[in-house]
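Student: Assemble the complex: chain A is given as a structure, and chain B must be docked to it using the hints.
Protein chains in written order, with the working numbering: chain A, 98 to 796; chain B, 98 to 796.
Think of the hints as simulated: they come from the structure by calculation, not from any bench.
Careful: at least some of the hints might be erroneous.
To be clear about the criterion: a stretch of chain A counts as covered by chain B if any three or more of its residues have a C-beta under 8 Å from a C-beta of chain B, and this derived list gives those stretches [claimed, not checked]:
| id | region |
| --- | --- |
| 1 | 249–257 |
| 2 | 265–277 |
| 3 | 404–416 |
| 4 | 477–487 |
| 5 | 501–514 |
| 6 | 527–541 |
All C-beta atoms in this analysis are idealised placements derived from N, C-alpha and C, irrespective of residue type, glycine included.
There are 2 protein chains.
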Amino acid sequence: MRRPRDLTPLLDPRAVLLVGASSDHAKLGGAMAASLASYDRPVALVNARGGEGMHTDVAAAAAALDATPDLAVLCVPAPACPDVLEECAAVGVRAALVCAGGFAELGGEGAEAGAALQSRLAGVAARHDLAVLGPNTSGFVVPALDLRASFVPGVARVADGAVAVVAASGGLNHALMFALERAGQGVSLGVGVGAGTSVDAVDLLAHAATDPRTRAVALHLETVPDGVALLDAVRTTTATTPVVALVVGEHDLGDFATSHTGALATSWRTTRALLEQAGAVVVDDEEQLVAAASTLAATRLTPHPDPGVGLVTAQAGPGLLVTDALLGAGVRVPELGGAARDRLAGLLPPMTHLGNPVDTGRPGPRHGEVLTAVAADPGVDLVAVYALAEPVVDLPASVAAADLGDAAVVVGLDGSADEVGIGRRDAAKRGLACQVGARGLVSGLVGLVADARTRHRGLDDVVAGTGWVGATDGAWDEARAKDLLDALGVPTPARAVVTEADARGAIRALGGPAVLKVCDPAVAHKTDVGGVVVGVTEATLDDALARVRPLGAERLIVEELVPDGLDLVVGARRDPVFGPVVLVGVGGVATEVHADVALAGVPATRAQLTALPGRLRARALLAGHRGGPVVDVDALADLLADLGRLLLDHPGLEEVEINPLRVTPGDGAAGWVALDALVVPTTTRPTTRATTRPTDQED
Amino acid sequence: MRRPRDLTPLLDPRAVLLVGASSDHAKLGGAMAASLASYDRPVALVNARGGEGMHTDVAAAAAALDATPDLAVLCVPAPACPDVLEECAAVGVRAALVCAGGFAELGGEGAEAGAALQSRLAGVAARHDLAVLGPNTSGFVVPALDLRASFVPGVARVADGAVAVVAASGGLNHALMFALERAGQGVSLGVGVGAGTSVDAVDLLAHAATDPRTRAVALHLETVPDGVALLDAVRTTTATTPVVALVVGEHDLGDFATSHTGALATSWRTTRALLEQAGAVVVDDEEQLVAAASTLAATRLTPHPDPGVGLVTAQAGPGLLVTDALLGAGVRVPELGGAARDRLAGLLPPMTHLGNPVDTGRPGPRHGEVLTAVAADPGVDLVAVYALAEPVVDLPASVAAADLGDAAVVVGLDGSADEVGIGRRDAAKRGLACQVGARGLVSGLVGLVADARTRHRGLDDVVAGTGWVGATDGAWDEARAKDLLDALGVPTPARAVVTEADARGAIRALGGPAVLKVCDPAVAHKTDVGGVVVGVTEATLDDALARVRPLGAERLIVEELVPDGLDLVVGARRDPVFGPVVLVGVGGVATEVHADVALAGVPATRAQLTALPGRLRARALLAGHRGGPVVDVDALADLLADLGRLLLDHPGLEEVEINPLRVTPGDGAAGWVALDALVVPTTTRPTTRATTRPTDQED
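Chain A on its own, in the form it takes in the complex (with noise of 0.2 Å):
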């Protein structure tokens, strides 16, 4: 696991220079002077023109200071800003904030000098072992010690807190504080990390995970340069603090993109899938993002295999909206038992409803007991308690009074800007997660349960999977790969493989219509190409020989025939940000044109691969949908282990995958035949996706 850097100069510096400060606060320079001025430790500006409180060169601001200047901010141009670090450091600066842009991010004619100045950089970061953050970033923010380093001018508004916001871009560190601070909440940190040189966001989130004033992490990514590093962190810092991620990237954003952030964006939805893995809360806009780490930074449930939500509602209506989304986010509101709606009949009068949701009608003096009641459920682990805010409700105090025994608790509010201001104060006084609006409530129920249920994950046995001892080297047709299977102990077709001589043979001694196939990996879409004969007999082997002759196969396989099924895609593959994950999918085009595969990163635990088939849409068709045939969840979790330990192990190997695995129905559990595989060495890797080539049997 990579060491992350020592923060402490960049975000507790004893004392600061700010180099490129000026006194017109509508220079960017000027602004951030501004900002720096509530730092209440030594502050000395350098403009090279000299102005007034200006020192003109670095060494003689450094002299002026009685502490050490831990920290530089960098307000220069681009080019300036290699050569001003270097003198930073010779007078024991030990970390940075570059704020220019002209970096590695431009495209067009500045991209070579852009990309060399960056180079430039960072050599000088790594030579005297520099806390860069940035470039192009617009700083950050430690409220706690007034610590400004932004050149935003709002940020004097950004309260202290209990969220630590680390967003790639500095824009949206500052639309996320701001977010926060609209709705009542502080930071203990706000970070752009901007190019991230050297101060990535893996530095970051193992600061997070040991800053005592940090009570949650909202994270935002946009590229990730070190997957594992990341993953790794994202482990550490959630074991004590939980992370709620947005990963900008679903779609395609062009030059854009790369121009905003000077390298390629990986997958989104590989990155979604593993952060959630590795315990982060992933949500899909900046809304959830504020709404479930401000919930998460006051309260937390244990690990969980799946929470259920007790709803409190004064009003039906908002009752109805929050738990038609609960619902939509696959969250359990579970039916109430009889002992919690005896005692809520005995508090409630007889309109209200009393299973879950309970509509109380607005609370009155009982409704401290009407949670206690709810909370005492067994079926219930979170509390969720939502009015109107009015003078007459006062929710908090309801919490307060109620025992809710080991339940966790939000509390909902709406109303006026002004009555949820006092309600949110109210409940933030009490140490309870409060959010206002209905959607603002199932964001940060949502986030609860979701940590506590990849918490949950986390917890099984790491499955090991099968090894496998052989070389790699060379060419892998599908025999080579269904040996390989063979030897993993996954079921495969009888076969024989033949030249065409001896493919009569081979089909009599199977004893039925068989599939004949090309053998050739120079052939990869044989399918596509006319390569598979499905349903050949003695007497239709001439005609079939030569419609697969035109390919130039000099082997061919003749197969036994299976019977229709389930089929699965099922792989493993090496992610070139985060390293070997495996996968599962329907196979067929659904699988393609809906987007619906569930794929883990290896090592998984059990509980992290048996999840995988109830993360695809299509789940119930792996589940004895209209009779088909149930899918061995801890069968396929062991399948995916064999599969990404293959690529632990062999360097050589970049892809395995078997489409379809066609699952058949059984007595009970279902039994399974890779009806075709594929194995692609390290060095001849297609630049198609396996998720999208069509290799089935008999298509």
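Tutor: Relative to the frame of chain A, chain B by itself:
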């Protein structure tokens, strides 16, 4: 079309009677009295037990008023309501708000009595032609008149504005009004419909369409009692006033929904599809509802098939987030043309991104010219301008300085509560649409685009469909259904309907392997029960006959075997709420497990019908995916119109379904063949839905 009720007595009463008033503001009748006190016309209070300022009966209260009490507000318990309403009618009341619950929404032991009580109340309303809002609602608000007939204390904060809130539930009405208030927006009207015994969403939409204060409607629906009237109202309203709709009930909300609304939910998907077809913008949550409605209240595009958004952002990170979300919502963010890029190159520093989005960095003095350049691009119909709100940045002023031509504009802000408040007020003063946060901006833009698109589709010619004349009574088997398709000109396979004795001759006549099927209206799921044998030859006929014989069908179909292709499900059915709808999906299990069906009400315009394939998640399959056939969407529109017209013309038909309609690759446009057809007469409607039935010829 249903004639809408005149709501003047309800929403603009000359005087008001409050029955069940109280001097205790914590009580419902006390809170209502406090709210109504702001109305500047006479309000008389009635409490049977008297009290300060109270009349003890309705007649006395009415007599004390110097104007006719058009409106009576009833804050009395449910059992008293019918009689009180009768008394009110006697003194000239023409409208009433009934707040109490305890009517038809009651479950369990009280269900029968509750329904009877509601029926009595409705009887009184009908007899006296009263516009009754409720029962079971917290009321309504008309801020421009300071008329606040609500028992929720905070309603005094709701300001006058341009959005009419029409909510199924009183709680949601208040939640939405307050959400608008928190967003700096007011309402022209806010109504919670409740049980909707007489005044319902249809009346309120009709009112909003002609209300000069209303510029957009935020509609919340739980159940739809009269689908045809609702769609009529949406069509009429959206001609002048945009309607944004949130439909609750994607998931089974069980007895809680029943207890709240007192009615069964209709199909969520159908309701959304038909509202959208009628001209509404359909959203997924209440935050989108607020953002889209408030944006559409400020600006609206002219009808357009596919408006393009030009995004000008001051910060790249949020720009990426917005662009990613717009693409995810299917909104076009077109590349800018050379002319726009050239103009931008002269306005912006070289490091900024001149594509779309345009990344300006902090807006400078020529920001208005940047907006002008983007708006002038021929691909841009709608300009979005985003920035972190700072004292030195004035986006509304930039917009005002720009020449946007015909392009609409939405301002997006992030920043501290104070700063965005200033920006929002500036925007409002200039009449500009303004949203806070990336998601709010996206929701506003998507709303504008959706509104322009659905109106454009509505302007196209209606496809009347081919009429068919014939009897519909009696049993419908596959043979009769296919004869009907033949009459409509839908290609079907060559076939013969035979007895066992004639099967051999029929196979010989077809001249190749055939499909043998039982033809018996009593055998509904013939594939599931073994009633279909594929690839039957004269040699295998006896075996095939032996397999289907146990089903006891007297008639058999011998049909030509159709080559593989893309299987669609195409049909028309009679929705219990909305009437005839047509639908298209991809055949096989995918449609079902992915719930991937697109539908429209009929009659429909050509643009509405040709848009359906594009609504499918699997739409790529219909567009020549991997060498597959390209579905002729115009021919499909004609086929759908034909099937829809069958149901429009023939009340005896409940459902017509072609499953599968096999599309085979052709030269250019694809042809198709209806492999199986099902006609369900009205009296024998099956309990399962058309699209979940496996009636494939060969499956």
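Student: Give a verdict on every hint.
Tutor: Against the structure, the hints:
| no. | hint | in the structure |
| --- | --- | --- |
| 1 | 249–257 | holds (count 5) |
| 2 | 265–277 | holds (count 10) |
| 3 | 404–416 | holds (count 6) |
| 4 | 477–487 | holds (count 3) |
| 5 | 501–514 | holds (count 4) |
| 6 | 527–541 | holds (count 4) |
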